[in-house]
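There are 2 protein chains.
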Amino acid sequence: MKAQFTIGLDYGTNSVRALIVNVANGAEIAAAVWTYAHGTQGVILSRDPNLARQHPADYIKGAEITIKQALATAKKSVKGFNADQVIGIGVDTTGSTPLPVDANGQPLAFSKKFASNPAAMAWLWKDHAGVNEAAEITALAKKLRPQYLAKCGGTYSSEWFWSKVLKCLRVAPEVFNAAYSWIELSDFVPAALTGTEHPDKFIAGVCAAGHKAMWNAKWGGYPDEAFLSKLNPKLAQLRKRLTTRVHSIDRPVGGLTPAWAKKTGLAAGIPVAVGAFDAHLGAVGSGVAPGTLVKIIGTSTCDIAIAANTKKLADVPGLCGIVDGSVLPGYFGLEAGQSAVGDLFNWLVNYIQPVGPEAGSHEELTKGALKLQPGESGLLALDWNNGNRTILVDQRLTGLLVGQTLYTTPAEIFRALIEATAFGALTIINRFEEYGVKISSVVNCGGIAEKSPLVMQIYADVTGRPMKVSRSAQTCALGSAIAAAVVAGAHKDYATAIKRMTGLKPTIYKPNAKAHATYQELYALYKQLHDAFGTKDGGGNLYGVMKKLIEIRSRVRR
Amino acid sequence: MKAQFTIGLDYGTNSVRALIVNVANGAEIAAAVWTYAHGTQGVILSRDPNLARQHPADYIKGAEITIKQALATAKKSVKGFNADQVIGIGVDTTGSTPLPVDANGQPLAFSKKFASNPAAMAWLWKDHAGVNEAAEITALAKKLRPQYLAKCGGTYSSEWFWSKVLKCLRVAPEVFNAAYSWIELSDFVPAALTGTEHPDKFIAGVCAAGHKAMWNAKWGGYPDEAFLSKLNPKLAQLRKRLTTRVHSIDRPVGGLTPAWAKKTGLAAGIPVAVGAFDAHLGAVGSGVAPGTLVKIIGTSTCDIAIAANTKKLADVPGLCGIVDGSVLPGYFGLEAGQSAVGDLFNWLVNYIQPVGPEAGSHEELTKGALKLQPGESGLLALDWNNGNRTILVDQRLTGLLVGQTLYTTPAEIFRALIEATAFGALTIINRFEEYGVKISSVVNCGGIAEKSPLVMQIYADVTGRPMKVSRSAQTCALGSAIAAAVVAGAHKDYATAIKRMTGLKPTIYKPNAKAHATYQELYALYKQLHDAFGTKDGGGNLYGVMKKLIEIRSRVRR
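If you read the sequences in order, they're chains B and A. First residue of the first sequence: 1195, per this note's numbering; consecutive thereafter. First residue of the second sequence: 1195, per this note's numbering; consecutive thereafter.
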């Protein structure tokens, strides 16, 4: 039998990537990347710093360009490769990135009337225009439907579906009124590729619905009409037009249309899997399994674990989300994260810009930090320069550094910041385990995991656990390709597909016992600071300090 | 009558300065500086980083060279000036800087036998060899003589007289046994100039004795023999040989010897005042008076106030010292201080070395910091990178910075560090006032006070008090010249001499009401952190955090 391949389409913030993968062994034979054409690096901005939109035309064009280019590369690099060996497509995207569509499921931005109206475009994950709406939704749910909040860490975010839809209703009613429905980017692309955009056929992924739109089978899907009515009766009306077909990634939404087959050279009818978010399919591409925590480490982190949905799972306070089937069918998908990891190191390098010996660049700082023993600098930091996503779920927190002398160096601060993110990571692992989700293996992926042995060793020493690194450098696209392989029937289930198509790098960072002992002492101090500044009952009356500083700052800057 | 002048001799850490001053108006007509010949910039070091000594020969040579050179300059620059117009000499020095002397009052280091023995030289103020001895003295006094500690802030320092003498007894008994007595540098120089070194004539200043050797008229002078015996019986023996003539700066120790007159060109017999420490005579040169706090701002600060000794004065917890007559006769001299001010700013510039816009130098950082409103950065710092001298008297404290975001800049940190030292300054002022020492005027001197309007304005805004700056750039030497003028009879008392010979710069930094209001909010937060990390009962259980970090650091570095 000839080798079989699938394509993973990975829609990031600035570009889309197509990755062609051998379903037998996960070999990545070709890839192509295209930066979106609209806006700045694909993001449409305005004078309002909260606004971040994307034009849906870029999503369509991006699929065509990258699939064609990846196929061309595969033909050149793999002898005898033919596009008809591609048996399926999977899709992952940023999210929550919802867009308004008409009665045929077509983006409003595709119509002349709304072609250049930002409210009719896709509201990118990092659009925070709905910050007041998020607070309103949180407050209402706290009062009327605490169960809604329990599954998303206690706070509904401005980055999420209902905040954005409600904001649109208020600031651009002409768009809201013209929209038949709103759909997530991760559902829009599979629907477009398969011609299932029409509401009669449209299928939504449980990943986006469950993590961002408070969808849960337990309470009958999306938030109930009575609740939505209190926000605005028009939201209750909209709910009626949202699809009731909400599925996990183990089924296709349909087959590739003849039109798409023609323009790409792929075979018509090959299945396209239900879409999901990049981090969730990144976890799949990293080999997620019960007991395995996948850490996708970039500017921030997304930490993904799964737990069998046959057992009862308590709500885990402070987690970003707990959704049945959001990562893999048959499992609760659990999402946690740290608001700044790479961004924290970048802050020191790019904003403070320390120079001198063992400073000036990530490489030089790393050189200096490598010479230090745990605890040697006397420094300790909190990793909250961008707030805390898990377990405190509080954006009104800030960074802290303690222990400076008159001789403290940039390399010492650099190491303290790395250690702080490691302590943050340990806090998340502990939270999982405290609520019965045992973590027996940690797999890291992303640029920092690949490039910084220093960071990985510190993570191993702080957590007392081996740090593994995912073999693939494109775990999100690989995860999409795995989803495609499963829905195309190349593997009988996800467990088999993951076993065959993912792997680890040979180097595993093992904890050093002596370093771990010192870090346990330091972690006890970190936890003291964490609780004192981050919780109301954590000892001391310091809970208000960071918040008051932010309040003064906001007032003065106004 | 021809104009009259006095000479102030100011012995610093690296050099000695002679300043010739017109007694009628404080005009500084000539100055000369000489860097000590021995060691590194005048300091003899060893492999032990705690050791810092000076060769007493430098003190003698330095007086001769600088007096002659200053007189030569005066002749050139002031028409008709003649050395016989100089009517007295005053001396200030670093301290506690004790040196062992023989039965004739001559430094042991002047004898062949001990000429190159560091233990026989002057133990410079920053010599910390006696760190264990200091802890031992503190512990014993806590148990047996708490009154001794109450006058020096609760902790006896390794920088002080008895720690050094006891250390010498233990590590260099041949030196200790050869020494008839030990005297402070501030007493040695006046004795040498007047030929009163012999124990029969020798006079000590109350400033050094009271602040550094636990001398107090209330308990009969130096610590009693029973107490000293517990440390070592030889200390009790030494006590018998210490002078009982301990005086304030309102009297001369004697007249200039013919030999000194001959080699300098000055008139024989002109009075030399009792010596004192640089900061104390710096306060005199800055116009100290009841209700006036003089802040001598350098790498660290020394804060000096006086209070009438006719009233009862409570012990002020956390002050470095409270000594009757140590600054001016008839007043308690009160000494406080901050362990790092200029050093804190230097740390950012020299160790972190931030570059980029509005960074790279003090000047650029100042430019950036000037653009910020109080509270705008959202940052708050503790000024403890070098511990806290007043009011916590705790070297086992470290720096803290809170409020960082991913966009925090070096100029914002620079301003936060300045503000932290201002909050530290306010804490000292408040402590004075809480114990009945009213501060109605603040006079600053030293390089930072002269060169940084930013720092002075922040101090005004934080404290809500006008910041005045001393007219003289050499307040210590000027203070010595004032002492000379008083003992020479040019003025009837210190109040008159200070009025005539000191002054302020025309610019007074007035507090801005709006900035002060914001700083009051920020100070409340500073105080919360101060108490939480710096006191056992200050809220939270964070008192141990900095100490534990230091403990781990020390262990790891070993």
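Everything labelled a hint here was simulated from the structure, so no lab data went into it. The C-beta atom is built at its ideal place from N, Cα and C for all residues, glycine as well. Among the clues, some could well be false.
[Stated by the list, open to error] Chain B is faced by these chain A residues, among others (derived, beta-carbon under 7 Å): (1) Asn1706; (2) Ala1709; (3) Gly1728.
[Unchecked claim] Subject to a maximum C-alpha distance of 30 Å in a straight line, what follows is the list of computed DSS-like cross-link-like pairs (lysine-lysine): (4) B:Lys1721 <-> B:Lys1704; (5) A:Lys1708 <-> B:Lys1742; (6) A:Lys1730 <-> B:Lys1741; (7) A:Lys1561 <-> B:Lys1742; (8) B:Lys1412 <-> B:Lys1395; (9) B:Lys1565 <-> A:Lys1741; (10) B:Lys1704 <-> A:Lys1742; (11) B:Lys1721 <-> A:Lys1742; (12) B:Lys1742 <-> A:Lys1742.
[As the list claims (entries may be wrong)] Pairwise CB distance ranges (calculated): (13) B:Glu1628 <-> A:Asn1540: 20 to 30 Å; (14) A:Pro1243 <-> B:Gly1492: 57 to 67 Å; (15) A:Asn1735 <-> B:Arg1590: 22 to 32 Å; (16) B:Pro1700 <-> A:Glu1557: 29 to 39 Å; (17) A:Glu1557 <-> B:Ala1508: 55 to 65 Å; (18) B:Pro1551 <-> A:Glu1557: 42 to 52 Å; (19) B:Gly1641 <-> A:Ala1231: 51 to 61 Å; (20) A:Ala1707 <-> B:Lys1632: 57 to 67 Å; (21) A:Asn1540 <-> B:Gln1263: 36 to 46 Å; (22) B:Gly1641 <-> A:Ala1707: 49 to 59 Å; (23) A:Glu1557 <-> B:Lys1306: 56 to 66 Å.
To see whether the hints hold, each was checked on the structure:
no.: 1; hint: Asn1706; result: violated, 13 Å
no.: 2; hint: Ala1709; result: violated, 10 Å
no.: 3; hint: Gly1728; result: violated, 12 Å
no.: 4; hint: B:Lys1721 <-> B:Lys1704; result: holds, 23 Å
no.: 5; hint: A:Lys1708 <-> B:Lys1742; result: holds, 18 Å
no.: 6; hint: A:Lys1730 <-> B:Lys1741; result: holds, 24 Å
no.: 7; hint: A:Lys1561 <-> B:Lys1742; result: holds, 27 Å
no.: 8; hint: B:Lys1412 <-> B:Lys1395; result: holds, 23 Å
no.: 9; hint: B:Lys1565 <-> A:Lys1741; result: holds, 23 Å
no.: 10; hint: B:Lys1704 <-> A:Lys1742; result: holds, 27 Å
no.: 11; hint: B:Lys1721 <-> A:Lys1742; result: holds, 14 Å
no.: 12; hint: B:Lys1742 <-> A:Lys1742; result: holds, 28 Å
no.: 13; hint: B:Glu1628 <-> A:Asn1540: 20 to 30 Å; result: violated, 46 Å
no.: 14; hint: A:Pro1243 <-> B:Gly1492: 57 to 67 Å; result: violated, 44 Å
no.: 15; hint: A:Asn1735 <-> B:Arg1590: 22 to 32 Å; result: holds, 23 Å
no.: 16; hint: B:Pro1700 <-> A:Glu1557: 29 to 39 Å; result: violated, 52 Å
no.: 17; hint: A:Glu1557 <-> B:Ala1508: 55 to 65 Å; result: holds, 58 Å
no.: 18; hint: B:Pro1551 <-> A:Glu1557: 42 to 52 Å; result: violated, 23 Å
no.: 19; hint: B:Gly1641 <-> A:Ala1231: 51 to 61 Å; result: holds, 58 Å
no.: 20; hint: A:Ala1707 <-> B:Lys1632: 57 to 67 Å; result: holds, 60 Å
no.: 21; hint: A:Asn1540 <-> B:Gln1263: 36 to 46 Å; result: violated, 56 Å
no.: 22; hint: B:Gly1641 <-> A:Ala1707: 49 to 59 Å; result: holds, 51 Å
no.: 23; hint: A:Glu1557 <-> B:Lys1306: 56 to 66 Å; result: holds, 58 Å
In this structure, the hints that do not hold are numbers 1, 2, 3, 13, 14, 16, 18 and 21, in rising order.
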